[in-house]
Structure formats: structure tokens, C-alpha cells
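Student: Here is how the chains run, residue by residue.
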Amino acid sequence: MHHKTLAELSAGLAAGEFSSVELTSHFLERIDTLDARLNSFISVTRELALEQARAADERIAAGEAGALTGIPMAHKDIFCTRGVRTSCGSRMLDNFTSPYDATVVSKLADAGMVMLGKTNMDEFAMGSSNETSHYGPVRNPWDVERVPGGSSGGSAAAVAARLAPATTGTDTGGSIRQPAALTGVTGLKPTYGRCSRYGMIAFASSLDQAGPMTRTAEDAALMLGAMAGFDARDSTSAERPVEDYLAALNQPVSGLRVGVVREFMHGELDPGIAASVEAAIAELQRQGAEVVEVSLPNAHLSVPAYYVVAPAECSSNLSRFDGVRFGHRCEDPKDLEDLYKRSRSEGFGPEVKRRIMIGTYALSAGYYDAYYLKAQQIRQLIAGDFRGAFAECDVIVAPTTPGTAFPLGDKGDDPVSMYLQDIFTIAVNLAGLPAISIPAPAVNGLPVGFQIIGDQFQEGRLLNVAHRIQQATDWHQQVPQGF
Amino acid sequence: MSLQPDDVSKIAHLARLAITPEEGESLSRELSSILDLVAQMTAVETSGIEPMAHPLEMQQRLRPDEVTETDQRELYLGNAPQAEAGLFLVPKVIE
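Protein chains in written order, with my numbering: chain B, 109 to 591; chain G, 201 to 295.
One or more of the hints may lead you astray.
[Said to hold, decoys possible] Footprint (simulated), chain B over chain G, 3 or more residues, beta carbon under 8 Å:
| # | segment |
| --- | --- |
| 1 | 208-216 |
| 2 | 226-240 |
| 3 | 250-258 |
| 4 | 269-279 |
| 5 | 282-292 |
[Unchecked claim] Some chain B residues well away from chain G (every beta-carbon gap over 12 Å; in silico):
| # | residue |
| --- | --- |
| 6 | Leu158 |
| 7 | Ala334 |
| 8 | Glu391 |
| 9 | Gln393 |
| 10 | Pro419 |
| 11 | Phe456 |
| 12 | Gly467 |
| 13 | Asp477 |
| 14 | Gly492 |
Since the hints were derived computationally from the structure, they do not count as laboratory data. Beta carbons: idealized from backbone N, C-alpha and C, even for Gly.
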């Protein structure tokens with residue numbers, strides 16, 4: 109049952125081959141027996157899941173089921189879930205039970221999905237390896253001595269290990285796509301504003317976006333259809349109708365102009381990654397797509413610009429964690445300043461503190477122009493580069509990551525070395541564009557991601573191109589040993 | 201760009217973070233190396249380029265001035281570290 113896709117599970121439930129309660133119990137048991145090896149879950153909501161499954165079975169019996177009714181899934185622990193701990197991977201919120209549901213959570217619940225629990229993540233979504241979580245690192249099911257990527261490491265590992273058929277993730281600088289690449293799953297970051305950010309704990313408000321993590325593009329299309337949509341409660345929500353992502357899935361790609369970025373496919377790219385990406389491009393060419401070389405001349409500035417913009421926005425967003433209204437409070441505060449300083453210092457881990465500090469510095473008097481304003485101008489340049497490229501191609505393709513999953517502890521004391529993991533993903537967030545990472549041929553037994561980037565609100569096209577590759581290849585069907 | 205421990209203390213105070221002297225040392229190294237990464241931006245000429253605050257063309261939406269939320273004070277106070285009589289408690293602020 110755990111090898112079935114969402115589409116297959118939906119058909120099985122409709123045909124009465126199994127019930128939602130059976131399906132949910134099956135995944136809960138897999139989590140119980142297998143997750144100790146991975147640590148991909150922070151909270152498992154057994155009773156709630158079974159209750160939701162029973163309600164789903166009733167809807168199915170009454171003929172009121174939708175495509176996702178009764179199918180189990182898990183939410184990254186960054187989404188507020190009513191009555192359930194929402195920790196954001198941090199000691200700061202270890203004691204926080206959310207009083208409300210994020211919009212993405214209620215939309216998927218309305219679609220009838222059953223929540224198995226909350227997945228592990230880098231603390232406050234800051235990281236590319238899922239090693240900064242207060243709840244311990246997540247391990248990659250392909251090699252448990254290696255990282256699954258981050259920050260949505262738990263969501264990625266759970267799908268790869270078949271502990272959940274689908275999960276939600278968030279992507280600010282690559283946090284859906286990079287772990288999807290390192291664990292061999294499909295992860296989509298929609299256009300900024302496509303999915304509501306209401307109830308999604310904020311890291312960098314102009315970059316954050318929720319998205320599905322699944323094993324196939326078809327499943328991602330199903331999830332996105334339920335997750336996306338205008339929300340009056342999110343003032344950055346796009347007032348744009350949600351497409352039927354399934355309808356466009358099977359369009360042939362002959363004549364599609366595929367842009368390959370000159371600056372990304374340079375001589376220093378790891379040869380294994382390059383070969384894998386080229387195999388995916390070759391498949392598109394085999395199906396009649398045309399390859400065009402495009403240039404993103406300012407792409408090399410995306411990591412520096414991001415490491416000003418994101419920390420600046422995070423320093424502002426995380427100022428709400430002050431020990432006053434919710435979250436961790438230090439013992440016996442002497443005065444208000446002591447309350448703030450000790451609660452925050454005890455509640456936040458080292459990476460979060462680094463980013464708050466950089467952000468505070470970049471926004472402080474005398475430095476705002478040199479750093480934050482400059483970074484926003486670079487952002488404009490990068491968005492302009494993409495507009496120029498999309499005048500010559502329909503989609504842009506690239507590696508998702510510079511390498512395969514690295515060993516736990518590998519990036520040690522070097523934050524910059526970790527930041528460079530996002531070199532192919534970050535420009536997309538700065539420009540607010542949609543992008544998907546799908547599995548390409550593995551290198552030395554480790555997954556590799558192929559990234560497809562689209563112009564704004566082109567999720568349908570991305571899912572279509574990804575689906576056409578997945579129909580003709582089996583790279584996305586590989587299963588890690590032991591799962 | 202090199203940050204001295206003194207700069208680090210000032211930033212920490214602005215961010216309301218308590219930093220030990222050891223943390224101050226390692227932070228000053230780490231933050232300096234991040235600032236070196238960031239310094240790559242200065243190589244590019246950007247005068248006249250409009251800063252981008254937001255990826256979409258959008259205006260702040262307004263809504264009618266009508267009450268839409270319900271009073272859930274007890275529920276929200278449930279997560280408070282210390283609360284009394286419907287208020288959040290903090291150490292004395294004003295002498």
C-alpha cells in the first residue's frame with residue numbers, strides 16, 4: 109500500500125480495496141517501526157489521524173469523496189495545526205499548541221486528507237541539511253549517515269521512506285527542492301503568492317512559499333490543486349484562479365523550448381550531477397523539445413543577496429518571540445530586558461541567532477543602504493535576467509543541487525559552505541518564480557534532482573514537463589533499501 | 201568585512217539576544233565570513249535600479265471596517281507563560 113501513489117490510493121479507496129482507517133493504520137505502523145532510523149517526525153497524531161480517517165470513510169461511503177479524501181499525509185512542523193503542537197523545529201515553540209489551523213492545513217483537511225503528524229525541519233526553516241532542529245537531525249533513507257537536505261528534511265525523508273505518501277513543505281531559498289533532490293522525491297515550490305502563508309510561521313515574508321512533496325508530478329498536481337488559492341487573510345495572496353493542474357499534465361512537449369543556463373552548466377559543476385541533468389535534458393529532446401542556451405548573468409549574486417534579504421526579514425519576523433505571549437520564557441526574569449534576552453537566547457539555536465544577527469546588522473542605521481537596499485536592487489536585476497531568459501524559452505532547466513547528499517556533520521563550523529548548497533535554488537525565490545525538482549539518474553547510489561523553472565504562475569507547465577519525463581523513465585520510482 | 205566582538209555585542213543588544221564571551225568570539229568570526237560572502241554584491245553597479253521589495257505587482261488590499269473575528273481570549277491566553285485576569289504578565293516595566 110505504501111508504494112501506491114496518491115492517484116492509485118484514491119482509486120483504491122473509491123473501489124473499496126481498502127479503507128482510510130486501514131491505510132492510515134498502515135502508515136502509522138510504518139512510522140512506529142521505521143522512523144527511529146530517520147527521525148523524520150516531531151509529532152505523530154495517532155488518535156486524531158484515526159478520527160479523521162473514520163470521518164473520511166463515512167464521506168467515501170456516502171459518495172461525497174473527492175480525489176484526496178481519506179489519504180494520509182503529514183505537515184512540516186512550520187504549519188499551525190489547531191490543538192496540535194507546532195514547534196517549527198525549535199525549543200522556542202516546544203510548548204506551543206496552535207490555537208488555529210494554517211489555511212493550507214484547513215484546505216487539505218477540507219479535501220479530506222488525514223494528518224499523520226508534523227514533520228521535522230531545520231529550526232525556523234533555516235538550514236539546508238535538517239541538522240539545526242531542536243529535535244535532532246533527520247537522516248537520509250538512502251544512507252542514514254547522510255543528511256536528507258533542509259529545511260523540509262523530515263517531509264522529504266518521510267515521502268522517500270514511504271512513511272507518508274505526501275507531505276507539505278516550505279521553500280524560502282530551496283527548502284522544498286533541495287531536500288527533494290537529495291532524497292529522490294518530487295518537490296514543487298509554487299509562484300510566490302500562489303498558496304496562502306496564513307498560519308505558516310514566517311521566516312522571510314517576501315520569499316516564503318508552501319508546496320507539496322510527493323513521489324510523482326501527478327501527485328504534486330493533485331496536492332497543489334487543493335493547497336493553492338486566494339486567501340483574504342494573507343495580504344500577499346495572489347488573486348488569481350487556481351488552474352486545473354491535472355488537465356494539462358499530458359500535453360506533449362514537442363516544440364517546447366527548454367532553456368539551459370550557461371552560468372549553471374559550467375566546467376566546475378560536479379561531473380556526476382552534470383551527466384544526470386544532461387540525461388533528463390536528453391529525455392526531453394527525445395520527446396521533441398528544443399534546447400536553447402540562456403543566460404542569467406547576475407545569478408552568481410543570488411546567494412549574497414539572499415543572505416542579506418532573508419536574514420533581514422527573519423530578524424524582523426522572529427522579534428515576536430519574546431517570552432511574553434507564547435513560546436519559551438526563561439525562569440525568574442529580573443526585568444523586561446532580561447526576559448527578552450534570556451528567553452530568546454535559550455529558545456533559539458546557533459544558526460537562528462546567526463541569521464537574526466546578520467539581519468539586524470544589515471538593517472541597522474548606517475548599513476541599510478549598503479546591504480538591504482543593495483540586495484533588493486540585485487533582486488530586481490535577477491528578476492530581470494529571468495524575464496529576459498523567458499523571452500527565449502518556455503521553461504528553464506538546471507541542477508537542483510551542486511552535489512549529492514553529504515554526510516551529517518560535514519559542514520561543521522562553516523555556515524557559508526552550507527549556504528552554497530542553495531546556489532541553484534535561491535535565484536528562483538528572489539524572483540518569486542515557480543520551480544519543481546524531480547529525480548534524475550542517481551550518482552553512486554545517491555539521488556540527484558533535476559530542476560525545472562517556470563515563469564510566474566506556470567505551475568501547470570512545470571508539472572506537465574515533469575510528468576512527461578516521469579512517464580518515460582523510472583528515476584522517480586527508486587526505493588531506498590530497507591524501506 | 202570584519203566584525204569585532206564589540207560590534208557583536210551591540211548587534212546582540214539590538215536583537216535582544218544574550219551572548220556569552222565565547223559565543224561573541226565565534227560569532228564575530230562566523231558573521232565576518234558571512235559578510236565577506238555578502239560583499240560580492242558591492243562589485244556590481246546598481247545605481248538607478250529600483251529595489252524590489254516584493255516579487256509580484258501588488259497593492260496592499262483593504263477590507264471593509266467590519267468585525268470579522270470572534271473573541272477567543274481564553275484560547276489565546278492558553279499559550280501564555282504567565283497570565284492573570286485576561287492579561288499577559290511580565291516583570292515590572294515602569295518604576
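Student: Of all the hints numbered above, which does this structure not satisfy? Sort the numbers upward.
Tutor: Checked against the structure, the hints that fail are numbers 10, 11, 12, 13 and 14, while the rest are satisfied.
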